[in-house]
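Take the sequences, apply the hints, and build the full model.
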Amino acid sequence: MNCQGLRKIVSQSPKDLFTMPLPEDLTRHVNGCPACAEYVRSLRELTGLLDRMEERSAPDDLWAGVVAKINEMEADRAGAEAISLRRKAAKRWLPLPGFLKPIPAWAAAAVLLVVVGGGVYLGRSCSPQPEVEPYGYYDQHVMLSVQDPLADRAAAGLMISENQARTGEKK
Amino acid sequence: MAIETLDVNIVDRARQGDREAFRLLFEATKGRTFNYMLRMIRNVEDAKDLTQEVYAKAFFALPGLKQPEAFYGWLKALVVNRVRDYLRSAPARNREVSLEEMVETSGDAVYALGVAAGTPEEDLLARERSAEMEKAINSLPDIHREVVLLHHIEGLPVERIASLLRVPPGTVKSRLARARGELASKLSSYTGLKGGS
Numbered sequence: 001m002n003c004q005g006l007r008k009i010v011s012q013s014p015k016d017l018f019t020m021p022l023p024e025d026l027t028r029h030v031n032g033c034p035a036c037a038e039y040v041r042s043l044r045e046l047t048g049l050l051d052r053m054e055e056r057s058a059p060d061d062l063w064a065g066v067v068a069k070i071n072e073m074e075a076d077r078a079g080a081e082a083i084s085l086r087r088k089a090a091k092r093w094l095p096l097p098g099f100l101k102p103i104p105a106w107a108a109a110a111v112l113l114v115v116v117g118g119g120v121y122l123g124r125s126c127s128p129q130p131e132v133e134p135y136g137y138y139d140q141h142v143m144l145s146v147q148d149p150l151a152d153r154a155a156a157g158l159m160i161s162e163n164q165a166r167t168g169e170k171k
Numbered sequence: 001m002a003i004e005t006l007d008v009n010i011v012d013r014a015r016q017g018d019r020e021a022f023r024l025l026f027e028a029t030k031g032r033t034f035n036y037m038l039r040m041i042r043n044v045e046d047a048k049d050l051t052q053e054v055y056a057k058a059f060f061a062l063p064g065l066k067q068p069e070a071f072y073g074w075l076k077a078l079v080v081n082r083v084r085d086y087l088r089s090a091p092a093r094n095r096e097v098s099l100e101e102m103v104e105t106s107g108d109a110v111y112a113l114g115v116a117a118g119t120p121e122e123d124l125l126a127r128e129r130s131a132e133m134e135k136a137i138n139s140l141p142d143i144h145r146e147v148v149l150l151h152h153i154e155g156l157p158v159e160r161i162a163s164l165l166r167v168p169p170g171t172v173k174s175r176l177a178r179a180r181g182e183l184a185s186k187l188s189s190y191t192g193l194k195g196g197s
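Line by line, the protein sequences give chains A and B.
Each residue of the first sequence is one higher than the one before, counting from 1 in my numbering.
Each residue of the second sequence is one higher than the one before, counting from 1 in my numbering.
Hints in this document: simulated from the structure, not taken from any laboratory.
Every residue gets a Cβ at the ideal spot worked out from N, C-alpha and C, and that includes glycine.
It is possible that part of the hints are untrue.
What the hints assert, rightly or not - Here are the simulated distance ranges between beta carbons:
#1 D16(A) x P168(B): 16 to 24 Å
#2 L112(A) x E20(B): 23 to 31 Å
#3 M1(A) x D18(B): 55 to 63 Å
#4 P168(B) x D61(A): 50 to 58 Å
#5 T119(B) x R77(A): 16 to 24 Å
#6 D25(A) x L124(B): 12 to 20 Å
#7 S89(B) x G118(A): 54 to 62 Å
#8 R77(A) x N138(B): 32 to 40 Å
#9 A82(A) x L87(B): 31 to 39 Å
#10 T19(A) x V8(B): 27 to 35 Å
#11 N138(B) x D25(A): 35 to 43 Å
#12 L124(B) x R28(A): 24 to 32 Å
#13 D7(B) x A68(A): 21 to 29 Å
Shown next as structure tokens:
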């Protein structure tokens with residue numbers, strides 16, 4: 001045991017160490033080392049001073065303040081309880097179906113979806129739709145002819161083959 | 001009724017909301033609680049206010065205490081945590097109150113340092129020594145003062161302090177060592193103690 005080791009052990013020890021005889025290994029070192037003996041003695045004295053420190057008297061009106069705070073907290077609690085009861089009573093006026101209670105957000109979302117979807121559907125069905133005039137054969141023919149000169153012949157060939165297929169004629 | 005001999009039946013009655021029983025518990029523990037608050041906070045009015053607040057909260061939390069015999073440890077945990085919250089929230093400059101100021105603001109004998117009765121010379125010496133020690137403790141950083149008070153004044157073992165402060169026991173030991181070193185060096189001129197590390 002060297003001086004550094006002893007001081008580390010002693011300084012970090014619980015105060016019990018200073019009110020009882022030192023362990024044997026520490027005593028051996030302290031007996032041969034005046035500096036460490038003085039160090040241990042000063043820590044013992046410090047511990048003694050700390051242990052002898054007297055308590056101050058608590059103020060006389062301390063309990064009165066505690067009672068006042070307890071009453072204050074009780075009043076706050078009573079107020080909070082009354083609010084909670086009022087909320088519970090208000091809830092009773094609007095009973096929710098049992099399956100909706102655990103999922104109020106889902107229920108609200110579903111209702112919103114139905115309302116919005118229904119509105120959109122009704123809006124579409126009630127508003128006048130523009131009439132779409134189907135292209136006649138002639139219009140298609142003219143359009144195809146403008147886009148592709150060969151389409152004219154192709155269309156004619158297609159028409160003939162379709163007609164033959166329908167009537168069962170063969171070339 | 002001393003803290004060490006707190007009657008479990010009284011704790012039980014207090015748990016059921018009996019204010020008179022709670023007052024007995026308060027009377028048995030108020031001295032240590034107030035002294036710890038005062039030495040940690042260093043402001044008489046705040047210490048008084050916080051002490052009252054902790055006891056009021058304890059009154060409502062008491063029904064939740066599972067083991068009546070652990071009342072004092074449970075109360076101590078409430079006190080330590082409340083002090084820590086206060087120290088975290090209050091700026092340090094608002095808390096700096098000297099020992100003299102503490103004694104002056106408190107008036108006369110109410111907060112006066114308790115000293116052993118003896119001859120006038122002995123009383124004076126003991127008073128001076130206590131005042132010097134109070135000053136030295138007062139000047140320690142919060143985390144060092146906390147462990148010194150809990151260990152030396154409250155008599156809590158290192159392991160219990162570690163669990164209260166939620167730090168490893170080694171941290172408590174090293175804080176104790178530093179605090180003792182600081183105290184020894186601060187008191188060296190007065191008591192002949194030598195500071196050490």
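A quick look at each hint next to the structure:
1. Distance hint check for D16(A) and P168(B): the Cβ-Cβ separation is about 20 Å, which falls inside the suggested range of 16 to 24 Å.
2. The supplied range of 23 to 31 Å is broken by L112(A) and E20(B), whose beta-carbon atoms lie about 59 Å from each other.
3. In this structure the supplied range 55 to 63 Å holds for M1(A) paired with D18(B), their Cβ-Cβ distance being about 56 Å.
4. The beta-carbon spacing between P168(B) and D61(A), approximately 41 Å, falls outside the hinted interval of 50 to 58 Å.
5. Between T119(B) and R77(A) the C-beta distance comes to about 55 Å, which lies outside the given range of 16 to 24 Å.
6. At roughly 42 Å, the beta-carbon separation of D25(A) and L124(B) lies outside the given 12 to 20 Å, and the hint is violated.
7. Look at S89(B) against G118(A): about 55 Å separates their beta carbons, and that is inside 54 to 62 Å.
8. In this structure the supplied range 32 to 40 Å holds for R77(A) paired with N138(B), their Cβ-Cβ distance being about 38 Å.
9. The hinted window of 31 to 39 Å between A82(A) and L87(B) holds, with their beta carbons roughly 36 Å apart.
10. Between T19(A) and V8(B) the Cβ separation comes to about 29 Å, which falls inside the hinted range of 27 to 35 Å.
11. A C-beta distance of roughly 37 Å is found between N138(B) and D25(A), which places it inside the suggested range of 35 to 43 Å.
12. Checked against the hint of 24 to 32 Å, the C-beta distance between L124(B) and R28(A) comes to roughly 41 Å, which is inconsistent with it.
13. Range check, D7(B) to A68(A): about 26 Å between beta-carbon atoms, so the 21 to 29 Å window is met.
Hints 2, 4, 5, 6 and 12, counting from the list given before, are not met by this structure.
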